[in-house]
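Participant: Here is how the chains run, residue by residue.
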Amino acid sequence: MDNKKLVHASSISAVVVIAFVAIVTIASEELPAFKGWLKSFTGHHWVTKGVASVLLYLILLQLLSRTKKAVETKDVQKAIMVLVAASFLGTLAVLAYYTWHFISA
Amino acid sequence: MLTKPLLVGLHLVFAIIGIDAFLWLLGEYAAKVENIRRKYIAALIGVGGLSLSWIFGGYYYVVYYGSLVKPSIKSGLAPWAHSIVMETKEHVFLFLIPMAITALFLVKLKDPALRKQAMYLSATIAGLALFIGLMGFIISAAARWAVV
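Going down the list, the protein sequences come from chains G and W. Each residue of the first sequence is one higher than the one before, counting from 930 in this note's numbering. Each residue of the second sequence is one higher than the one before, counting from 11 in this note's numbering.
One should not assume that every hint holds.
Distance condition first, Cα-Cα at most 30 Å in a straight line; then the derived DSSO-like pairs of lysine-lysine [stated by the list, open to error]:
#1 W:Lys42 / W:Lys126
#2 G:Lys1007 / W:Lys80
#3 G:Lys934 / W:Lys80
#4 G:Lys997 / W:Lys118
#5 W:Lys84 / G:Lys1007
#6 W:Lys126 / G:Lys997
#7 W:Lys118 / G:Lys1003
#8 G:Lys968 / W:Lys42
#9 W:Lys14 / W:Lys80
Hint data in this document are derived by calculation from the structure and do not stem from the laboratory.
Let the hints inform the model, and build the full structure from the sequences given.
Facilitator: Okay, structure coming up:
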């Protein structure tokens, strides 16, 4: 397999996982029924989020690394920097949400 | 009950191994080391360390934390240590594994034009894991203060 394509696919998959975890986490706090639905799969909402994030990453990695489009070095550079930025934004979003949630309770 | 401190210890030990491995990887890139094998070993140890830390910490969190630790923190002097810090920690940890695997794949690319990005990624993984470690310290301190 083309290693550039693999790194590019892994970076994009990781960005989607970060967005998925942040959105599902906030949504599950705002919608108790949704949190209960997540819990119903594994017995704990966090375990379901963890399993879902791993599956999402693996499925996206498989799909994206099989695309026929050629991946250049600049595409890999951009994807990694987007991943770095997404990790900061995702952390900030989750931290800000729980801070607001605690203060406003 | 005997396994509770052991699980926390394993969670911490493997997290430290993971952080050290990504700092080692960062050093390899900073020193412009061309040896891919050494960088691959560092990244592999990093992925392994963070993954095992996630598994041991996750098991402790699901089996013990919710029933034994969370109630005492929430009724103690610093309920925010659970409501803000623990809630953030448990979810941000889920970001780390796909990032670490990406860094592992990146090691295989010999392109020097990707060195800067590899350094940013390695530093971000180590930094985020250290931030998670700091949050773990706050949670442990809050749990200790809650029972004093």
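Participant: Against the structure, test the hints numbered earlier, and report the numbers of the ones violated in rising order.
Facilitator: The structure conflicts with hints 2, 3, 5 and 8, although it agrees with all the remaining ones.
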